[in-house]
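J.: As a plain string of letters, each chain reads:
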Amino acid sequence: MKLKTFTQHIAIALSLILVATGVLAAPLSYQLRVDGLSCPFCAYGIEKKLGAIEGVQSVETNLKDGVVIVTMQDGATLDEAMAKKAVKEAGFSLRKLEPVQSVSEGGRTQ
Amino acid sequence: MKTVIKVGLSTLCVWAGAAWSAPITFNTALPVHEGGYVLREQFMYMKIADDPTPAQRDMQVSGVMSVLGYGVTSDFALFGMLPWFDKRLDMNMGGQNITRQKSGVGDLTLFGRYTAYQYDAPGRTLRIAPFLGVKTPTGEDNARDGFGRLPSPVQPGSGSWDALGGAVVTYQTLDFEIDGQLSYKANREANSFQAGDVAELDASLQYRLWPGSLGSGVPAFLYGVLEANLVHSAKDDSGGIADPNSGGTTLFLSPGLQYVTRRWIVEAGVQIPVIQHLNGTALKNNYVLSTGVRINF
Chain X
176 MKLKTFTQHI
186 AIALSLILVA
196 TGVLAAPLSY
206 QLRVDGLSCP
216 FCAYGIEKKL
226 GAIEGVQSVE
236 TNLKDGVVIV
246 TMQDGATLDE
256 AMAKKAVKEA
266 GFSLRKLEPV
276 QSVSEGGRTQ
Chain V
270 MKTVIKVGLS
280 TLCVWAGAAW
290 SAPITFNTAL
300 PVHEGGYVLR
310 EQFMYMKIAD
320 DPTPAQRDMQ
330 VSGVMSVLGY
340 GVTSDFALFG
350 MLPWFDKRLD
360 MNMGGQNITR
370 QKSGVGDLTL
380 FGRYTAYQYD
390 APGRTLRIAP
400 FLGVKTPTGE
410 DNARDGFGRL
420 PSPVQPGSGS
430 WDALGGAVVT
440 YQTLDFEIDG
450 QLSYKANREA
460 NSFQAGDVAE
470 LDASLQYRLW
480 PGSLGSGVPA
490 FLYGVLEANL
500 VHSAKDDSGG
510 IADPNSGGTT
520 LFLSPGLQYV
530 TRRWIVEAGV
540 QIPVIQHLNG
550 TALKNNYVLS
560 TGVRINF
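Protein sequence lines, in the order shown, are assigned to chains X and V.
Residue numbers for the first sequence follow the working numbering, beginning at 176 and rising by one.
Residue numbers for the second sequence follow the working numbering, beginning at 270 and rising by one.
Calculated directly from the structure, the hints in this document are not laboratory data.
Be a bit skeptical, because a hint or two may be false.
Said to hold, decoys possible - A few chain V residues that face chain X, going by a derived Cβ cut-off under 8 Å, partial list only:
1. S343
2. V487
3. A489
For glycine and all other residues, C-beta sits at the position ideal for the given N, C-alpha and C.
Looking at chain X on its own, in the form it has when it is part of the complex:
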């Protein structure tokens, strides 16, 4: 009985460790609120500029909300000054940058 309980505890602990490891290994994403972004043709420049920053894995724009989601490669972080510079070079203004839960390739939040 005790052995069974101990085994269950070990299994639960291992599961928690695996989940925690998965979360820690998930790529970091950032939500950028960009002012002035108001047409599809303008989105290309901002995606190109942000995508050129070292460590950026993907860039997705949501035109309606004026939001750009930047997902980083494993272990990489996005420097706010660099993001601001990239947005400025694209011809727009960065209002706010904040880390968000990353989105897996399957589209689910991890």
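The hints should help you fit chain V onto chain X, whose structure is shown.
T.: Just chain V, lined up with the frame of chain X:
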């Protein structure tokens, strides 16, 4: 005739400044991203006729305007515009119908545009950008046929160095865009001929027809476009004498459609003269058809 053709071609030249989801017939203040390019190819057909004289002049111009824009910085962009024209003039001379025509590369125009004012807010932007440029005499201006030297309007180039400048204001939201432009082109003399200066006031409204409501991501837009161009041309000067059959004012209205994606735009429009106050026996502009593509890279 020179005046109307000059007005028409001047309008066509200004068209080339636009490179975004923007007016079809003139410039915009929207940005070219730093280090980025925009390429525009515009195909046009223009008919100029209604000659009140026995010569019954009828002119048709078809052409391609190639425009390359480069973002030096996010605020400053350089543009080069190079037209190719196929011009044909039919007329009656001494009871005989004759045709004079010429095709070739026209004059290269270079200009810079600087964003002097920029206000950005969520989903909208307001920008004001002055621009200044020069038209270079790269097109052939001394072409001849069996009747002798072709008249200036049929020549692919003007032969003169001309200056142009102005300012454009753009207000863009997710639903619509409004642009306004004031420009002036100062023409200089070449081959004992000096075209009159051209002043132009333009306005454009682009309204998103589709999609009705925006979803996520970057959806393509279909814009309905309505533009107005008020063009005033001074009298030409030939051999030091002002031509009484040149100069005048024309108001064009231009409906059109634009389909805008992240990387490219296709568009079409027709420029219709609704008011023409022209001096003397100048030919009237019938219409200008235009279709084109713009590519972001």
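J.: Can V487(V) be said to touch chain X, with a Cβ gap under 8 Å?
T.: Cβ of V487(V) sits 5 Å from chain X, so the hint holds.
J.: With a cut-off of 8 Å on the beta carbons, see whether S343(V) makes it to chain X.
T.: Constraint on S343(V) satisfied, holds at 4 Å.
J.: Given A489(V) as an interface hint, is its Cβ closer than 8 Å to any Cβ of chain X?
T.: holds (6 Å)
Of the hints listed earlier, there is not a single one the structure fails to meet.
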